[in-house]
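Residue-level listing of the chains:
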Amino acid sequence: MATHDNTEHVSDAPDEAVGWESKLQYFLNSDFVRSAPYWGIPFVLMSIAVYGGIGYNFAISFTDYEGLGTPDYSALDLEMYAQALSSDAFIAAAQNNLVLLVGFTTICLVLGLFLAILLDHGIRFSEKFQTVYLLPMSLSFVVTAQLWLWMFNVESGILNLVVTTLGFNPVDWLGNPSIALGAVIFALIWQFSGYTMVVYLAGLQSIPDDQFEAARVDGASITRTYLRIIVPQLKEASVSAAVVLMVFALKAFTFLYALVGRYRPPNGTDILATLMVRRAFKFGEWAYSAAIATMLLVMALGVIGPYLYYQYKQGSL
Amino acid sequence: MGQIQLTDLMKRFGDTVAVDDLSLDIADEEFLVLVGPSGCGKSTTLRMLAGLETPTSGDIYIGGDHMNYRVPQNRDIAMVFQDYALYPHMTVRQNIRFGLEEEEGYTSAERDERAVEVAETLGISDLLDRKPDELSGGQQQRVALGRAIVRDPEVFLMDEPLSNLDAKLRAEMRTELQNLQDQLAVTTVYVTHNQTEAMTMADRIAVMDDGELQQVASPFECYHEPNNLFVAEFIGEPMINLVRGTRSETTFVGEHFSYPLDEDVMESVGDRDDLVLGVRPEDIVVADTDPDDAAIGDHELRMDVTVVEPHGDQNVLHLSHPDQPSDDDALQAVTGGMHLVTRGDRVTVRIPPDTIHVFDAETGTAVHNRRHDQEADLTELEQ
Amino acid sequence: MSQSSPTGSFDVASLVEDVNLRRVGQYALVVFFLGFFLVPLETGIMTAIKTNESVARSLPFAPPASEGFTLGNIQFALEQLSGSFFNSLVMSIPATIGSVLFGSMAAYGLTMVNWRAQMGVLMLFVVGVFVPYQAVLVPLARFWNNIFPLARMIEPMVASIPFFQGYHADLVPLVITHIAYGIPICTILFRSYYQSLPNSLVEAGKIDGASITKIYRRIILPISKPMFGVVFIYQFTQIYNEFLFAFTLVTGSDAPAAPVTLVLPAIGASTSGIDFGIRMSAAFLAAVPTLILYVAFAEQFAKGLRTEA
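The listed protein sequences derive, respectively, from chains F, G and P.
Residue 2 is where the first sequence starts when you use the numbering used here, and the numbers rise one by one after that.
Residue 3 is where the second sequence starts when you use the numbering used here, and the numbers rise one by one after that.
Residue 8 is where the third sequence starts when you use the numbering used here, and the numbers rise one by one after that.
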């Protein structure tokens, strides 16, 4: 024991009280204090950016701030919210957003589940196929918007090639307001269904193989096995994928902007996110767009709030 | 010096009390085993000793120094974890050396030398440049020990270190650990839920249940003089036989038999009415019954053999009372391996009066333990 | 999954079953979806290497005939994009490193120590993953333009760095913004990994006398190398592909500091319409960095997505 002696000798008599110095030193040495900088610095940076930003946005939304200069915080009211809720453009954008949210999320989940089951069993090189199916997710929305712009092209796009080969008249996919939103949803599904597939495959792989085997021994058909035994166990995968998709549908902006390269997306596809950005950066209606952004945030929180609560209750956070 | 003193130690996690008012003195160079079922607070106690948990109240002293406000490093302890906690990206050499890096008084070369020296002690010199995932369970165990030894601490803390090994290796490592502890003369606190490990390795056993210390004593005492029902049941395999009953004058009356109590037993029983009679299976004497002989002694009863478990050196018999065959495990008895009994036999079971334990049925405390020549037995044990 | 029917106990029977209708159908679907996911990409690439004449005449997905082949479009797009490629990398690499490091640190601090308000702090990180960026765009623009015009302040300094121009200063606020908003997702990704590590590793470190910092540097960092790969690839792809922040802070596609994603929607456009040969070339070029990463590290990318969910 002679080689080292690093005991601080607080006291030799067991009964002596511990001095406040050693308590303080202990506290300063404690894991809580020592680990604080690790989470603390990123937390402060993130909090200023996210929550500071949200707070600031919230504050601006109560002013009448427009154009140049500084916001005037002396007269705060809900005028911008009232204005938004009574505006036709806002209502139309909200409706489009709802269609996008429901349609996009549902189809993505269904297609993703289908692809996952398709590749789950009995396919050689299944991983290679997965890689290809997921590939669109690695591309920027700006890039995929260009690809689909070409796919949707009225004269030489592939979709119209198919349509005309089938004997129909060419369709103006993005120019016709009643079709455009569907076309956008279609393109976004192309990009996202690989993602839902990956989430579902992870869920499928966590189900033990012997459940498949037990079902086979019981004589259940493959379809029945999936419908009755496997799919019900994918509830959690579905919920988390749905949350990610819905939040995306609320904030989708880039794809729509990049399709046309201007603030106003194709007619019939204007959603809250595009409306907000247009109002802010094209017209300088800062307060008005801040109000729209706040409502968008509330909707997103409406989606993730219950989800996080559920996760917390499950103890899976 | 590595003596340890715990006074009124208490640990709460939220509303649950993990360790309740625990006081315990551990002598220098002693091998103390903390044993109990899972959740009894033994690991929490060890972790408080290590400095990984902060006590809610109470004090910890090691070598006479107050430890509550010291970080693990300054407590002069080393710990072996159940999963060994070897750093997977480091070689065996680096793993062993890591704990020396923060120790003062070594040059870098001395640290390397020390790591090699420790590896030699443990017979793992040829593994020094391997990574943990290239080692067998037993080898990993040795590296974990090496990491503990290298800092030459005053106290070893071991948290179920053998539970991940297979049965044969476990028995081997038990002996090896004991020799090592002898050789290094380091105070050791060893946590396990395995009573065999506790019995075979400990100088003293501390039995815990529900956060409370039940008994601290030598293995001999814990086995033959348990403080209460919990200790009696926890220590010993097969488990002690316990029969509930009442006292009628000087006789213990159970559901199926009466058992006269000797004078010295009665002295300790006093006027308690609800009793539990205990007897170790190996103390029960089993004799074949002569069907013609109806006579039965004071401390004898007739029982039927329901199961015979042959172990080679001994047979464990499960017995039932003839008037209640549905309870096929009313008593267990151990007989010699050559004593052949078959299932269905009716036997005469004798419970020798000097082997019985009597417990107070309400509080569970032992009021009488079996007779033995303690002095003679203990000296024998220590040699 | 090949089915064994009660009658088919011969080898021939099981062989026939192996190529039964169900299997054929399954593979047919797999190939169909292969087409579904690849056709837009393939069409884009084919269009990129065709002359304008060939684009107009041939089928969009067909490869160019020999006289219809040209690298002119790609060359032109490359010239147009080269500056913005540089901008994109100058922005993405430090932003990725920053957010990944901060995320790893935060996850370590939050996972390794237990204290009461921890769950609350973690929740704030998790919500930060999902917040629509629209909710912070107006404040962001105001902050970097009016309140703290960092780009203007450091412009002369940036101009004095070799290979850099003064306008590259515009990228600095963008990098900081990306780091700040990238922290939540990186934290969550690392946290799920650190939670899977045995607690005893850190405790053994503490017993061995290592400080919190030493445990991080010597034990946790080396062990989490594979996770760093996952998060780095995921986060680089996200930041490189991102549009909205660049759009807010660098504004126009003609700004000299504009990253690729900002320039792309304007390339090849003229009053007479879009030149798809050039547009597709540019789209393909813009996608090349993430495509290379994806093809090389598809498993890591998928793991990042899975953990996020």
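It is possible that part of the hints are untrue.
[To be verified] On the chain G side, residues computed to face chain F include the following (Cβ under 10 Å):
hint: 1; residue: THR56
hint: 2; residue: HIS68
hint: 3; residue: ASN70
hint: 4; residue: TYR71
hint: 5; residue: VAL73
hint: 6; residue: ARG352
[What the hints assert, rightly or not] Across the chosen pairs, the derived CB separations fall in these ranges:
hint: 7; chain 1: P; residue 1: PHE171; chain 2: F; residue 2: GLN212; range: 57 to 65 Å
hint: 8; chain 1: G; residue 1: ASP276; chain 2: F; residue 2: TYR310; range: 45 to 53 Å
hint: 9; chain 1: G; residue 1: ASP276; chain 2: F; residue 2: ALA221; range: 53 to 61 Å
hint: 10; chain 1: P; residue 1: LYS232; chain 2: G; residue 2: THR18; range: 35 to 43 Å
hint: 11; chain 1: F; residue 1: ILE92; chain 2: P; residue 2: GLY42; range: 35 to 43 Å
hint: 12; chain 1: F; residue 1: GLY285; chain 2: P; residue 2: GLU74; range: 47 to 55 Å
hint: 13; chain 1: G; residue 1: LYS133; chain 2: P; residue 2: ALA72; range: 56 to 64 Å
Hints listed in this document are in silico derivations from the structure and should not be mistaken for laboratory results.
All values reported here derive from a predicted model rather than from experimental measurement.
Beta carbons are placed, not taken as given, at the ideal position from N, Cα and C, and that holds for glycine.
Output the numbers, in ascending order, of every earlier hint that fails for this structure. 6
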